[in-house]
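Going down the list, the protein sequences come from chains R and E. Anchor point for the first sequence: position 322 equals 322 in the numbering used here, and the numbering is continuous, going up by one each time. Anchor point for the second sequence: position 70 equals 70 in the numbering used here, and the numbering is continuous, going up by one each time.
Do not rely on the hints blindly, as some may be mistaken.
What the hints assert, rightly or not - Short, incomplete list of chain R residues facing chain E, as computed with Cβ under 10 Å:
id, residue
1, 99
2, 100
3, 208
4, 217
5, 263
6, 280
7, 281
8, 311
Claimed, not checked - On the chain R side, residues computed to face chain E include the following (Cβ under 8 Å):
id, residue
9, 210
10, 211
11, 221
12, 308
13, 352
Stated by the list, open to error - Residues of chain R clear of chain E, computed beta-carbon distances all greater than 12 Å:
id, residue
14, 36
15, 55
16, 57
17, 74
18, 82
19, 95
20, 312
What the hints contain is simulated information worked out from the structure, not anything from laboratory work. All C-beta atoms, glycine included, are put in the ideal place defined by N, C-alpha and C.
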Amino acid sequence: MGQLYEKDMSGCGIVGFMSENGKVIPGDRVITAMASMHERGNGLGGGFAAYGIYPERADFYAFHMLLDHPKAKTETEAYLKSRCSIEMDEPIPTRRNELVSDPPILWRYFLRLKPESAQDGDEEDAIVQMVMEINAKIEGAFVASCGKNMGVFKGVGYPEDIGAYYRLDEYQAYIWTGHGRFPTNSQGWWGGAHPFSLLDWSVIHNGEISSYGINKRYLEHFGYQCTCFTDTEVLAYMFDLLIRRHRLPIEIAAKIVCAHFWDEIERMDEKQREMFRTLRTVYASALVNGPFAVVIGHANGIVGLSDRMKLRPLIAARDGDMLYIASEDSAIREICPKPAQIWMPRAGEPVIGLLKSPQVETPASMRRLELFQMQLSN
Amino acid sequence: MTLSLYPSEFRIARDMDRCIACQVCVRQCANDCHVYDVDDDCVISDERYCVGCHRCATLCPTNAITIMQNPNHYKSNANWTAQTIKNIYKQAESGGVLLTGMGCDRPLPSYFDRMLLNASQVTNPSIDPLREPMELRTFLGSKPERVTLARTNEGYDLTTQLSPQLMLETPILFSAMSYGSISYNACLALATAAQKAGTFYNTGEGGLHKDFYRFGGNTIAQVASGRFGVHAEYLDVAAAIEIKIGQGAKPGIGGHLPGEKVSEEISKTRMIPAGTDALSPAPHHDIYSIEDLRQLIFALKEATGYRKPVSVKIAAVHNVAPIASGIIRAGADIVAIDGLRGGTGAAPTMIRDHVGLPIELAIAAVDQRLREEGIRHRASIIAGGGFRNSADIVKAIALGADAVYIATSALVAMGCHLCQKCYTGKCNWGIATQDPYLTKRLNPNIAQRRLVNLLRGWSLEIKEMLGGMGINAIESLRGNREHLRGVGMTQSELDILGIKAAGEAW
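Turn these sequences into a full structure, and let the hints guide you.
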């Protein structure tokens with residue numbers, strides 16, 4: 001077998017929370033929440049995504065790189081320079097910690113795409129293409145995240161140790177997501193930890209995608225190459241496809257990935273029935289099947305979603321402008337002891353949190369959707 | 001008459017202690033193998049014409065009859081087998097083409113038998129279809145690449161209009177069997193069963209008897225090179241239209257319906273004189289390349305107001321993948337691919353047994369090619385050709401088929417014993433015959449119930465297998481080759497099928 005593909009058979013712990021008013025929250029909160037679900041991981045992967053952490057460089061694509069050796073770094077830099085101008089680059093700050101061993105070189109680059117690098121003037125497609133090429137072609141290099149004003153911090157270890165290693169307490173973000181892995185078969189690879197991210201999309205995932213084989217082939221049709229050796233990345237790419245490229249609203253994208261059962265569709269009124277029947281027919285290969293719970297982050301909010309039968313736990317809470325989503329209510333209560341509202345979302349029913357006023361002026365995932373909706377309203 | 005060197009294929013053993021000379025076997029055998037001897041008040045058998053259909057043995061009230069292979073052996077010879085020698089005797093006596101019925105019976109490798117399915121353990125729970133929803137509903141037809149919606153005050157409006165689709169409650173259709181090759185009652189049973197099970201049956205190239213117009217919503221009307229029975233009303237009543245280019249049992253040649261089977265009713269339905277051989281040409285005489293096919297596809301779409309999906313059926317041949325691609329680019333909504341083991345009412349034995357590809361390889365090659373070309377969504381794939389059980393179907397869908405056509409198994413469900421003599425018109429089971437004395441043996445009500453039962457049983461098994469894989473909708477299996485593993489295959493066979501070897505993990 002040429003490729004090392006590590007299917008992420010796992011029972012993991014996930015958490016995601018945000019301030020819908022866009023207030024920033026320090027990173028120690030997400031570490032505290034994850035630490036309470038220590039038992040759900042086995043120390044073979046922990047990671048976080050944070051949104052709003054680079055306000056002073058919000059216009060640049062922030063590439064968080066995991067580099068196995070200096071040669072990978074040299075090659076990556078040469079590749080980046082061929083397509084982009086590098087505004088600034090630096091090591092990602094870390095704090096040595098005996099619980100985290102063998103880290104790769106962790107480096108971040110703030111990039112602006114050269115105008116000639118954008119195919120058909122589409123900057124985001126060009127960035128996606130770059131990520132696919134780096135991951136597939138540069139040995140030892142892996143793009144952990146590439147979105148604007150956000151970043152993914154992940155590695156091999158328990159999430160609370162990884163969070164401390166990356167000094168997350170020093171970051172302030174309006175969205176945090178966190179993940180602790182329990183892989184049943186791990187190569188101990190830093191790139192294999194969650195979240196998986198593309199542009200401003202990030203996904204943390206508990207479960208196994210039994211439809212992986214077809215989801216992967218479907219995404220290949222649209223130019224996505226699943227190279228992260230895990231089934232989780234299909235979710236990140238799927239949402240990128242549905243929302244950014246096909247311009248579908250988030251709640252519709254959620255109902256494609258977690259389609260209504262046919263008998264539910266049959267019970268809808270005629271207009272709805274026609275819409276969901278069409279969506280399910282056209283996007284049959286985008287249905288994500290198998291037990292999962294995910295929290296998807298993007299520049300303007302978070303979406304929590306479980307599979308159509310809810311074979312993985314997911315609980316949500318609201319308190320003031322805060323929305324919390326987690327595998328266990330303990331993780332929520334650890335950082336919000338008495339939420340105003342706490343509930344178990346139904347199977348396949350998305351929990352959606354959105355910034356009241358977009359923190360980022362032109363978030364990658366939303367810009368085209370808004371343009372599209374403006375066109376419609378005109 | 002000179003002595004035939006062609007030995008009888010079977011031995012009929014009659015247990016005289018059991019035989020009560022009731023003559024059921026005499027009346028049942030259309031091949032006249034059993035004769036009542038008035039003088040001795042006993043039944044004797046002449047096995048020269050026995051085809052091994054088991055009609056007599058099945059109906060014998062005292063189980064007095066046993067049919068067995070003729071035990072006589074020729075001198076062992078790996079090259080000159082008994083079948084080879086007998087074929088030569090037959091042709092030396094007749095000077096004709098060897099004819100046969102049903103699908104290829106040679107022991108070629110079955111890739112279905114060399115593929116194994118996956119199931120969940122621990123890390124993802126298997127799903128119990130008796131307790132949880134398990135969805136087999138399938139839509140066949142061309143799909144757009146994406147859906148567009150418009151925002152409204154209440155939500156969203158659909159702005160994408162789907163082209164016509166066939167909705168199936170289970171991904172199994174009855175494949176083309178013409179009225180003519182099979183009896184009225186057999187057609188009626190197939191149509192009724194398709195309607196009851198929420199799926200479709202296919203007219204084959206025999207046109208549609210007016211009595212069956214009421215099943216139009218479950219009918220796929222075939223347009224073949226002979227154009228038998230094709231007229232405006234025929235196209236109008238059907239749910240979909242299928243252009244038959246080829247069939248797996250006889251790629252490269254046309255259909256054969258011997259005049260013996262062309263009765264008055266069939267002559268009316270097919271619009272040909274009674275008693276004449278209905279031989280459809282090898283090619284369509286208006287299709288000499290892909291651009292001609294495109295014209296026919298759109299002529300049929302125009303004729304039916306773009307209200308019905310148009311399928312194009314081809315035999316699986318070496319170039320099947322680019323051919324399928326061309327067919328889709330020519331405007332077909334469905335490509336039906338028929339593999340080497342697909343059956344027929346009549347085919348030259350040499351062609352049936354030596355031309356074409358196993359359907360497993362054809363599905364894999366076509367699905368992969370269409371994905372590489374970015375046109376997989378533009379048409380559905382129906383695979384046909386020797387599906388013996390629900391596991392074969394699950395494997396075909398995992399390789400990339402949207403649905404499967406079954407015909408041999410449907411005939412077996414109705415009582416066929418696979419004697420491969422459909423072309424003689426003497427089917428003792430009343431299926432592949434037009435002799436009124438024989439056709440009345442097939443009770444269409446019982447036959448349709450058996451067909452519905454078969455579809456139900458297979459659907460239940462498909463649901464169990466899906467649940468075992470941790471999947472609750474058929475679309476998550478379609479093209480999902482991660483759930484297949486190969487045993488005893490070469491690397492190039494694994495590569496063509498796009499699957500890993502058994503023992504390789506994810």
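Outcome of the hint check:
1. 99: Violated, about 26 Å.
2. 100: 26 Å, violated
3. 208: Since chain E brings a Cβ to about 4 Å from residue 208 of chain R, closer than 10 Å, the hint holds.
4. 217: Nearest chain E Cβ about 6 Å off; hint holds.
5. 263: Status holds, d = 7 Å.
6. 280: Since chain E brings a Cβ to about 8 Å from residue 280 of chain R, closer than 10 Å, the hint holds.
7. 281: This interface hint holds because 5 Å falls under the 10 Å limit.
8. 311: 6 Å, holds
9. 210: Nearest chain E Cβ about 4 Å off; hint holds.
10. 211: 4 Å, holds
11. 221: Hint on residue 221 of chain R: holds, closest Cβ of chain E at ~6 Å, below 8 Å.
12. 308: Status holds, d = 7 Å.
13. 352: The hint is violated - residue 352 of chain R has no Cβ within 8 Å of chain E, the shortest such distance being about 14 Å.
14. 36: Given that every Cβ of chain E is farther than 12 Å from that of residue 36 of chain R, nearest at about 23 Å, it holds.
15. 55: 31 Å, holds
16. 57: Residue 57 of chain R clear of chain E: closest Cβ-Cβ about 33 Å, beyond 12 Å.
17. 74: 33 Å, holds
18. 82: 28 Å, holds
19. 95: 34 Å, holds
20. 312: 9 Å, violated
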